Each structure stands twice: as structure tokens, then as C-alpha cells.
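Novice: Residue numbers (the numbering used here), protein chains in the order written: chain A, 18 to 324; chain B, 425 to 781; chain C, 18 to 273.
It should be emphasised that the hints constitute simulated quantities derived from the structure, not laboratory data.
In this text the structure is predicted, and so the values were computed from the model without any measurement.
You may find that some hints are simply not true.
[What the hints assert, rightly or not] So the derived label-pair ranges between C-beta atoms look like this:
no., chain 1, residue 1, chain 2, residue 2, range
1, A, G206, C, R169, 28 to 38 Å
2, A, I190, C, R125, 52 to 62 Å
3, A, P115, C, G34, 47 to 57 Å
4, B, R725, A, A306, 57 to 67 Å
5, C, V35, A, G206, 50 to 60 Å
[What the hints assert, rightly or not] If you want a taste of the chain B side facing chain C, the calculated C-beta under 8 Å gives, among others:
no., residue
6, G545
7, D546
8, R631
9, I632
10, A638
11, L659
12, E685
13, E729
For each residue, glycine too, the CB sits at the ideal point set by N, CA and C.
Next come the chains, spelled out residue by residue.
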Amino acid sequence: MDIFLQQIVNGLTLGSVYAVVALGYTMVYGIIQLINFAHGEVVMIGAMVAFSVITALAGTALPPVLIVFAGILAAVPVCMLLGYAMERIAYRPLRGAPRLAPLITAIGISIILQHVALLIWSRNPLAFPQIIPLASFDVGGAIITGAQIAIILTSVLMMGGLTLMVYRTKLGIAMRATSQNPQVAGLMGIDIDRIIAFTFIVGAALGAVAGVMVGTYYGIAHYSMGSLLGLKAFSAAVLGGIGNLAGAMLGGILLGIVEALAAGYIGDLTNNVFGSNYQDVFAFLVLIAVLVFRPSGLLGERVGDRA
Amino acid sequence: MRGVNIFSKAQAQWLGVALVAIALIGLPFALASVGTAWVRIANLAILFVFLSLGLNIVVGFAGLLDLGYIAFYAVGAYAYALLASPHFNLHLPFWVILPIGALVACLFGVLLGAPTLKLRGDYLAIVTLGFGEIVRIFLNNLSQPVNITNGPQGISRIDPFRFGSFSFSQTETMLGLVFSGPIKYYYLLLLLLLLAIVVNLRLQHSRIGRAWEAVREDEIAARAMGINTTHIKLLAFAMGASFGGVAGGMFAAIQGFISPESFVLVESVMVLSMVVLGGMGNIWGVVLGAVLLSFVPELLRYTVEPLQKSLFGRSIIEPEVIRMLLFGLALVLMMLYRPAGLLPSAVRKRELAKVAA
Amino acid sequence: MSEVLLRCANLDKRFGGVLALAEVGFSIKRGEIYGLIGPNGAGKTTLFDVLTGIYASEGGGFRFAGEALAGLRPDEIAARGIARTFQNIRLFGNLSALDNVMIGRHVRTRAGVFGAILRTRATLAEEAAIEKRALELLGYVGIAARANDVARELPYGDQRRLEIARALATEPKLLALDEPAAGMNATETQELKKLLERLRADGITILLIEHDVKLVMGLCDRVLVLDYGRNIAEGPPREVQRDPRVIEAYLGGAAA
């Protein structure tokens with residue numbers, strides 16, 4: 018088995034999940050310059066809802082693909098509603114308030130969602146029922162599982178769909194206009210409140226699917242899975258250039274690969290002083306390095322202070 | 425009949441201070457009569473007030489959102505644990521270690537601050553959060569190849585505070601009163617807290633404190649007025665971190681055991697909630713916020729828990745969950761409805777009569 | 018009296034593809050009121066930002082009181098003696114007027130953390146001196162009665178005055194004022210004029226961006242006209258007013 022290729026495959030899988038979550042951060046940031054701290058929790062809620070539905074249907078005679086699909090179908094509207102509610106209740110009243118204010122409510126919302134999830138689903142992780150046969154393929158020495166293929170394909174599909182929506186539909190144009198200049202967009206007859214709410218909803222829908230994917234990948238979902246995932250995805254968005262859709266996708270995939278390779282090789286490289294248990298550090302190191310040395314990210318514009 | 429003014433305003437103030445002092449001195453015995461657990465809760469509350477005061481320097485005075493503040497607490501705690509436990513078989517006295525802990529935490533503060541303080545506020549928040557997580561991950565894993573932190577098992581049998589043969593962990597009877605370990609710690613903590621409050625008040629009403637406020641209000645104007653903003657922000661980080669470091673050392677000594685579990689992100693959020701609830705930038709507000717958010721959840725634990733059991737026969741909502749929901753709600757509701765906190769920081773009024781004349 | 022205080026040479030500054038300043042050069046003599054005028058977007062505020070270290074110029078440099086200052090940080094420049102106000106008032110809004118001015122004393126005072134915590138005699142003396150000087154300055158600009166008021170809640174004209182007092186607190190050799198009369202009514206403008214004349218009498222050199230033509234004409238010893246980032250004319254106000262290029266710049270701007 019080829020370690021390098023294997024880690025690339027794993028990195029691609031995880032990276033495409035990061036990319037989809039990162040889109041949620043970057044869209045909201047692009048439009049109202051807010052770090053939606055609670056986005057990671059939306060992803061978690063998506064995973065939990067889907068897993069509950071999938072577990073409930075696992076005993077039935079339905080074909081596995083349909084069961085997973087039903088899970089996603091249940092998770093997406095729940096998360097969309099959540100995204101909308103969050104925007105309405107916690108962020109909209111604070112538009113125009115000092116920057117710290119919405120960031121602090123975002124943290125509050127994140128804590129609340131986590132513990133509401135804990136109340137509903139308890140501390141114990143939900144396990145993904147073994148309904149999908151564990152097909153796997155050997156590609157040049159690396160093992161790629163059916164789930165991994167499904168995750169990568171779904172991600173590509175969603176990224177493509179979002180890009181089409183943003184660049185080809187009227188709503189997408191309105192979104193881009195609002196992100197360029199909300200006041201002018203408002204003057205041109207765009208209902209800014211609606212566009213911002215819509216942005217949250219779309220981001221949340223993507224997050225719901227990402228939640229199902231990451232849950233499927235690891236085989237479990239639990240109430241606290243959102244914060245670390247969210248942080249990594251945010252790092253990915255910053256790496257790619259926050260506010261930039263292509264950047265979020267690129268950043269997500271790069272971060273996934275960096276993490277996987279680092280996890281695969283850090284032991285050898287450091288004479289086993291550091292092991293793969295440091296895997297989670299890399300996202301932060303990448304984040305700090307990008308912010309310090311190239312705050313605009315790979316594809317973004319400068320985000321420094323303007324006088 | 426008109427009220428008779430027995431006291432002048434100044435006298436009334438002193439009377440108030442005296443009453444509060446008496447209440448604070450008597451408090452541990454009152455709490456001990458309910459249960460020693462409550463004295464411990466009071467001690468932890470004081471530690472959280474201490475922490476909140478430190479974070480308030482960073483968030484409240486200088487306006488820098490630090491979401492990894494608990495890392496400095498961790499650094500202080502581990503510094504104490506490593507220098508006063510069988511782990512390395514070092515047993516330095518606490519008055520040596522606490523300053524060391526403050527210094528090391530301060531160093532970490534500068535280390536984190538130096539490269540990141542040029543960032544805009546929200547990015548700074550995320551980077552500090554990442555920093556907090558990195559510190560925790562290292563604490564969890566630095567048991568190999570050299571066992572420094574003992575990993576997730578943490579470090580136990582940490583020395584209590586000791587002055588010669590006077591140990592803060594033993595129970596003693598003096599003047600017919602029983603001083604248990606927690607009660608002795610309570611007085612020590614209270615003393616240190618008073619010191620911390622004085623330091624904070626003095627800092628706030630100083631040239632440095634004004635420079636922090638200037639940076640918080642308008643960084644560009646502050647720079648144009650000759651304030652080296654990088655330097656002054658770093659100073660806030662360093663001061664806040666030192667407070668965290670001292671609190672961490674005290675925590676390690678009181679608990680006798682620490683592990684990375686105590687220094688998770690949620691703890692940072694908790695301290696932030698205390699600062700926000702009380703009123704960012706207002707020292708007394710922060711004290712109030714920390715006391716409230718330390719005691720109310722415990723009160724709920726002792727009331728809601730039995731209530732649930734009697735009503736439903738079992739506990740439906742864990743106290744821990746209630747606690748966290750409270751913190752989350754405090755953050756959201758305060759920002760939405762009372763962003764300046766319970767006791768907003770008032771603009772200082774000065775006695776101008778003598779000059780205006 | 019004719020000693021040069023500030024000399025700029027060939028200052029260039031671009032934002033992306035836009036040349037905000039192009040080879041701007043001029044010098045200000047000690048004790049004069051030097052006007053800086055030009056149509057909107059001519060680069061006046063950008064010039065202020067370069068002179069106070071907020072932006073670095075890409076080309077050229079400037080010497081102030083015999084020292085090259087280009088490339089220094091804003092706080093370093095403030096320490097060398099250039100203080101400014103802002104076109105869109107930038108006070109420390111939630112602090113009192115007095116605190117605003119006291120912050121201006123930062124650069125001329127020394128107390129550090131330890132002094133503050135220990136309240137040493139030196140710190141206390143310095144603190145008293147800061148407060149005394151700040152109150153004097155509030156009186157100087159005519160808002161002593163407002164000392165305890167929150168800056169954000171002051172009337173507009175008083176906010177402008179407070180900004181000047183705050184800048185004066187840094188003990189500047191050169192005071193750079195960015196449209197101090199903007200939004201003021203005729204009476205307030207007259208009072209401002211008196212204040213600026215008093216500052217000149219007290220030996221402070223002033224660099225003034227202003228749109229109020231009457232104020233500029235009545236106050237400035239010399240003016241510099243910027244258009245599209247270039248200086249197109251310099252001299253006594255009466256002469257500049259008749260300069261065809263200046264008329265063209267303003268009329269051309271108005272016609273567009």
C-alpha cells in the first residue's frame with residue numbers, strides 16, 4: 018500500500034468536506050463580514066438529524082441509498098430553518114453594531130446549539146448503521162472506499178451547483194451585488210435583508226450535507242463534533258481567501274491534503290517526537306501562518322484595515 | 425417627618441465598605457454550615473473573578489477579543505504543577521512559583537500577541553481560539569518522548585500552599601473556630617483578589633489604561649495621537665495573561681490535580697460570558713458577572729436537580745447542560761439587549777470645581 | 018521667521034491603479050498657516066495620511082524640523098511634532114472630553130505599568146499635570162464646561178474643537194487640520210477662525226485643508242492647490258485664486 022497516495026485520497030475526501038463547510042463561512046463573510054462562529058454547530062445538527070432518520074429507517078426494507086437520501090432530505094430543511102433563525106434572532110439586530118458584538122452572540126449561539134443537541138441526543142455518539150456495503154477499490158496502491166467516492170462526488174456536485182447559482186441566477190447576482198456594496202445594492206431595489214437571510218440559508222443547507230458526509234466518513238456523529246470541524250473549515254476559508262468561493266474550495270482541499278500528509282509523515286519526519294495525534298494542530302498553524310504572512314489568502318483581496 | 429442624616433456621604437460609603445468586608449469575612453463560615461462544598465464553590469468563584477479581571481484587561485479595556493484566554497490559565501496551572509509535585513520531584517514554595525507562573529504566562533501572551541496583534545479584531549479572536557486549542561493539544565500529548573505533562577492523565581498530588589509548617593490544606597482550630605483547608609484558602613484568595621482589583625483599578629485610571637481605551641475606541645486616531653498601538657496591545661495581552669497565570673497556579677494548588685480537561689475552549693467562553701454579563705471594561709461589573717455566573721449554576725444544580733427528581737423521578741436536564749445554556753444565553757441576550765453589561769462602564773466624572781473656577 | 022519647518026519632495030502614492038499623489042512637493046515655513054485646497058478627490062487627505070504615517074509614500078520623502086520622517090509609524094511622527102485632526106471626526110467617542118485630551122498627552126508623558134500599579138510619587142505628579150494641562154487646553158479651545166461630557170454626545174462644533182484640543186495636547190510643532198470648518202455655521206466658523214489666529218500667534222504652524230474659500234482667503238499665508246494628486250499652483254491666496262489652472266480645475270470639476 019502506498020502511503021503517499023493513500024494520504025492524498027484521504028486528504029481529498031476530508032478536504033472536500035472542509036471545502037463545503039468553508040463555503041458556508043465564506044459566503045456569509047463575503048456578504049456581511051461576519052465570522053458565523055456557529056456554522057460548525059449547524060453542520061453538527063445536520064449530521065445528528067440525518068443520523069437519527071437513518072437509524073430509524075435502517076431496519077426497514079428500503080434500499081440503503083434511499084435511506085441515506087432520506088436522512089439528507091430531513092437534515093437540509095432543519096438546518097436551513099436554523100440558519101434563518103440564527104440570522105434573524107442573533108445577527109440581524111446587531112448589524113451596524115461594533116464588530117465584537119455579533120461575534121460574541123455567535124459564540125453564544127454555538128454554545129447553545131451544542132448543549133441543545135446534547136439534551137436531544139445525549140452525550141453518547143450516534144453510530145452510523147452498517148447498511149451500506151463496504152465496497153472499496155484499489156487505485157494504484159491506495160484504497161478508496163465507496164463512501165469516499167460518494168463524498169467527493171457529492172462535494173463536487175454541490176460546489177458546482179453553488180457556483181452556477183451565484184454566477185448564473187438572478188439571486189446569485191443580487192448576492193454578489195450586496196457583497197460588493199450593500200447600500201448601493203439596496204438602492205438598486207435589492208431587498209438586502211432577504212439576500213442576507215438567503216445566504217445564511219444556503220450556507221446552512223450546504224452545512225447539513227457536509228455534516229452527513231463527515232459523519233459517514235468517521236462513522237459517528239456527536240454533539241461536540243461541530244466546533245473543531247468548523248474551525249478547520251474556517252481556516253480553510255481564510256487560506257483560500259475569505260469571501261471568495263473558489264478560494265474556499267481550494268483552501269478546503271489543500272487543508273485536507275496538508276492534514277492527511279502531515280498525519281502520515283510527521284512521525285517519520287520528527288523521529289517520532291511528534292505523532293499523528295498532533296494532526297489537529299496543523300489547521301491552526303496554517304491559519305495563523307496565513308493570517309500573519311498573507312492575510313488575503315491564496316485567492317482573496319487584502320482584508321487589512323482601511324483608513 | 426424628614427429623614428435625619430446621621431451619616432455624611434463619605435461616612436455612609438465607609439459604612440457600606442465595612443459591611444461588605446464583614447460579610448466577606450463571615451461568608452466562608454456561613455457557607456461551611458451549609459456544606460464544605462459551598463466553600464469550595466466560593467473559592468472557585470474567586471478564581472473566576474480573578475480570571476475575568478484578567479480577561480477584562482484584554483477584552484474590556486483594550487477591546488481585543490481573546491477566545492483562547494484559558495490557555496494562560498493552563499500555562500500557570502502547569503507551571504505550578506510541574507514545580508510543586510512528585511512529577512519532577514520538585515517542591516518549590518508557592519510564593520516563588522506564582523510569580524514564575526505569571527511570568528511564563530506573560531511570555532506566552534507576548535509570543536501569541538507579537539505576530540497576531542496587527543490583525544483585525546475578528547481574526548484575532550479566531551487566532552487566539554486556535555492558540556488555545558494548540559496549547560491544549562500539546563498538554564495532551566507532551567507525555568512522549570519525554571514525559572513533561574503526563575498527557576490526558578494530568579498531574580496529581582500537587583503541593584498545597586505552605587508557609588513553613590502552616591499548610592493551607594489542613595484543618596486547624598483557632599480561637600474556637602474551625603478553619604478547614606478550603607476556608608484558609610478562601611481568605612488567601614480573597615486577599616489576592618483584593619490586590620488584583622486594586623491593580624486593575626489603578627491600571628484603568630492611568631496613562632496606560634487611557635491608552636488601552638483609546639485603542640479600543642479608534643485605533644487609527646490612537647496612533648495619530650502618538651500611541652504605539654502594537655506595544656500597548658501587547659501590554660494588554662501580557663497583563664491579562666499574567667493574571668491568568670497566577671489564577672492557574674492557585675487553581676492547581678487548591679485542586680491538587682490538573683489535566684488538560686480543565687482547559688478546554690468552553691472554559692474560555694465561560695470567562696468571556698462573565699466579562700460580557702457584568703459589563704466589559706467595568707471592574708465592578710466584571711466582578712458581579714463572575715460571581716453571578718459562578719454561583720447561579722451551582723444554585724440551580726442544588727435546586728433544579730432535586731426538583732426534577734421529585735417531579736419526574738429522574739434528572740432530565742443535567743446541571744452541566746443548564747450551566748452551559750446559561751452561559752450561551754447570557755452572551756446572546758446581553759449583546760442583544762444590554763451590550764454594555766449589567767453594570768455598564770460609566771464615563772469617569774472628575775471633580776472639576778477647583779479648576780473650572 | 019522664514020525658517021522651513023516641513024519640506025516635501027516628490028511624494029508619490031498610488032492605490033491600485035490610481036495615482037493619488039504624484040510628485041507633490043512644497044515647503045511650509047515655521048509660524049505660517051498653509052492652506053491645502055483642491056477639488057474633492059484631489060489627494061488632500063491622502064497627503065495628510067502620508068505626512069502622519071498612516072500610509073507610506075511610494076516615492077519621495079519629507080523632512081520635518083530637519084529630520085527625514087518618511088516611513089516612520091504614526092506614533093513616531095506624532096512624537097516628532099506633527100498632530101492632526103480628521104475630516105470625519107475621529108474622537109474616542111465613549112470617553113469624556115477630558116479623557117480625550119488626556120490621551121493626547123500620552124506621547125509627552127512616561128508612566129508605565131509599574132508606575133501605575135504602585136502609584137509612585139512621580140506617577141501621581143505626572144497624572145495631576147496631565148489633567149491640569151488637558152483642562153487648560155479645553156479652556157483654550159473654549160469647551161472647558163464640557164470636560165465631563167461624553168465626546169460622542171457633544172454638539173458638532175464642540176467635537177471639532179475637542180479634536181483640536183486633543184491634537185494640541187501632543188505639543189505639535191505642526192498642526193494639520195482636515196476640514197475643521199466642515200458642517201459649521203457662520204458663527205462657529207468665525208469662532209474657529211479666531212481660534213486658529215490665536216494658535217498662530219502662539220507660534221504653532223498650521224497646515225489646513227478647507228473648502229470654505231472665505232476662511233482660506235482670510236487666514237492662510239500661502240496655499241497649495243492639488244488636482245488629481247498633482248500640485249498645480251502655490252502662492253498667496255489672492256494670486257492662486259486668479260491662476261487659470263486653478264480656475265480650470267475647479268470649473269472643470271464642476272462641469273463634469
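Novice: Decide, hint by hint, whether the structure agrees.
Specialist: The hints, checked one at a time:
1. At about 34 Å, the beta-carbon gap between G206 of chain A and R169 of chain C stays in the expected band of 28 to 38 Å.
2. Distance hint for I190 of chain A and R125 of chain C: a CB-CB separation of about 54 Å, consistent with the stated range 52 to 62 Å.
3. The hinted range of 47 to 57 Å is not satisfied by P115 of chain A and G34 of chain C, whose Cβ atoms lie roughly 33 Å apart.
4. Distance hint for R725 of chain B and A306 of chain A: a CB-CB separation of about 43 Å, inconsistent with the stated range 57 to 67 Å.
5. For V35 of chain C paired with G206 of chain A, a C-beta distance near 30 Å fails the hint of 50 to 60 Å.
6. For G545 of chain B, the interface hint is violated, the least distance from its beta-carbon to any beta-carbon of chain C being 16 Å, above 8 Å.
7. At a threshold of 8 Å, the smallest CB-CB gap from D546 of chain B to chain C is about 20 Å, leaving the interface hint violated.
8. About 5 Å separates the beta-carbon of R631 of chain B from the nearest beta-carbon of chain C, less than 8 Å, and the hint is met.
9. With a cut of 8 Å, the hint placing I632 of chain B at the interface with chain C holds, because the nearest CB-to-CB distance is about 5 Å.
10. Given the 8 Å rule on beta carbons, the hint for A638 of chain B holds: about 5 Å separates it from the nearest Cβ of chain C.
11. Annotation: interface hint on L659 of chain B holds; nearest CB of chain C at approximately 7 Å, less than 8 Å.
12. With its C-beta approaching chain C no nearer than about 34 Å, E685 of chain B sits outside the 8 Å limit, and its interface hint is violated.
13. For the restraint placing E729 of chain B at the interface with chain C, the shortest Cβ-Cβ distance is roughly 42 Å, beyond the 8 Å limit, so the hint is violated.
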